[in-house]
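Chains A and B, in that order, are what the protein sequence lines are. If you want the numbering used here, it's the 1-based position in the first sequence plus 148. If you want the numbering used here, it's the 1-based position in the second sequence plus 2.
Derived by calculation from the structure, the hints in this document are not laboratory data. These numbers come from a predicted model, not from an experiment. A hint or two may mislead.
[As the list claims (entries may be wrong)] Listed next, the stretches of chain B that the computed footprint assigns to chain A, with coverage defined by at least 3 CB atoms under 8 Å from CB atoms of chain A:
no., region
1, 15-27
2, 49-58
3, 62-75
[What the hints assert, rightly or not] Over the 10 Å line for every Cβ pair with chain A, so calculated as not near, a few chain B residues:
no., residue
4, Gly30
5, Arg83
6, Asp88
Glycine included, every Cβ here is placed at the ideal spot set by N, Cα and C.
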Amino acid sequence: DQQVKQNSPSLSVQEGRISILNCDYTNSMFDYFLWYKKYPAEGPTFLISISSIKDKNEDGRFTVFLNKSAKHLSLHIVPSQPGDSAVYFCAASLGSAGNNRKLIWGLGTSLAVNP
Amino acid sequence: GAGVSQTPSNKVTEKGKYVELRCDPISGHTALYWYRQSLGQGPEFLIYFQGTGAADDSGLPNDRFFAVRPEGSVSTLKIQRTERGDSAVYLCASSSGLAGLDTQYFGPGTRLTVL
Chain A
149 DQQVKQNSPS
159 LSVQEGRISI
169 LNCDYTNSMF
179 DYFLWYKKYP
189 AEGPTFLISI
199 SSIKDKNEDG
209 RFTVFLNKSA
219 KHLSLHIVPS
229 QPGDSAVYFC
239 AASLGSAGNN
249 RKLIWGLGTS
259 LAVNP
Chain B
3 GAGVSQTPSN
13 KVTEKGKYVE
23 LRCDPISGHT
33 ALYWYRQSLG
43 QGPEFLIYFQ
53 GTGAADDSGL
63 PNDRFFAVRP
73 EGSVSTLKIQ
83 RTERGDSAVY
93 LCASSSGLAG
103 LDTQYFGPGT
113 RLTVL
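Extracted from the complex, chain B is given alone in its bound form:
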């Protein structure tokens, strides 16, 4: 009974580089969410997938951020030309995606540090 997993757990990169963060949701969960948590803050919504499609990407801060979920399971969050302000913990959550009230289950997060 695996939960949500995220890789890598830590990523250190230099300003201007490209990074990819991976999320493996709970098996059978059709809904997948990405959030970002900065120090001292609560998580902040980035993007929501229902199946393969990004149903709501209103939380992505700018066009350097992009996420995909090509087969409706694993998702990758991609950040181009990273900036120091992108440093945060990136959290992934999945839920059953069924209509109604639906609990999201979170992975351990990827801590991204941009030097």
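Isolated chain A, as found in the complex:
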């Protein structure tokens, strides 16, 4: 049973426009959420994160929004650039003994930004 769900396997947007990637989760105990970007044949690269005590975090062109009541988060990329084309993973963790922050991952959304 997927605790972190990314229901859109792919997304295509025009360069300069906004990309919105969505993620839903089922476990209300998650307290930390992260977005990673992955290029082929590379490991995931950390992009941006948000604590459950916040509803928004912004870093340059990237903004993550968290709606705890809906158990939903989204990643906004504005403006989108061709170099943003990659697979984006949503991941979540919950605090546990010994600072274990193992991540629970969605299936990913493949973003294509067209010039």
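On the provided structure of chain A, position chain B as indicated by the hints.
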């Protein structure tokens, strides 16, 4: 400023053989995680080390899988009697291990193919 490195980048083996996958974390990072990513899936947690000890090995699929981190730095994931279903990309991540919210940084992964 080296990141997480993993060797080999690719490993092809025959069913029933033994393999070792190596991870060099970021210097000074005390927390180390192994994940496995199968085709079309998100990464799946395998094991977490804090220092030299395996604090959480709940993600290891069975007793053919074992990991060590004898000096609290480099880690080796060992798979005995490999099966075709073990074919996947094995990802290693490290983090500072400090209390609180902690970002994991990933290596490029080792692609294991069991024939």
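Verification of the hints:
With a cut-off of 8 Å between beta carbons, the region 15-27 of chain B has 0 residues touching chain A; three or more are needed, and the interface restraint is violated. Counting residues of the region 49-58 of chain B whose CB lies closer than 8 Å to any CB of chain A gives 4, which reaches the minimum of 3, so the coverage claim holds. As drawn, the region 62-75 of chain B meets chain A at 0 residues by the rule of a beta-carbon pair under 8 Å; below three, the given contact is violated. Listed as a non-interface residue, Gly30/B keeps its Cβ farther than 10 Å from every Cβ of chain A; the least gap is roughly 15 Å.
Every C-beta of chain A lies more than 10 Å from that of Arg83/B, the closest at about 26 Å, which supports listing it as non-interface. Residue-level check passed: Asp88/B sits 19 Å from the nearest beta carbon of chain A, beyond 10 Å.
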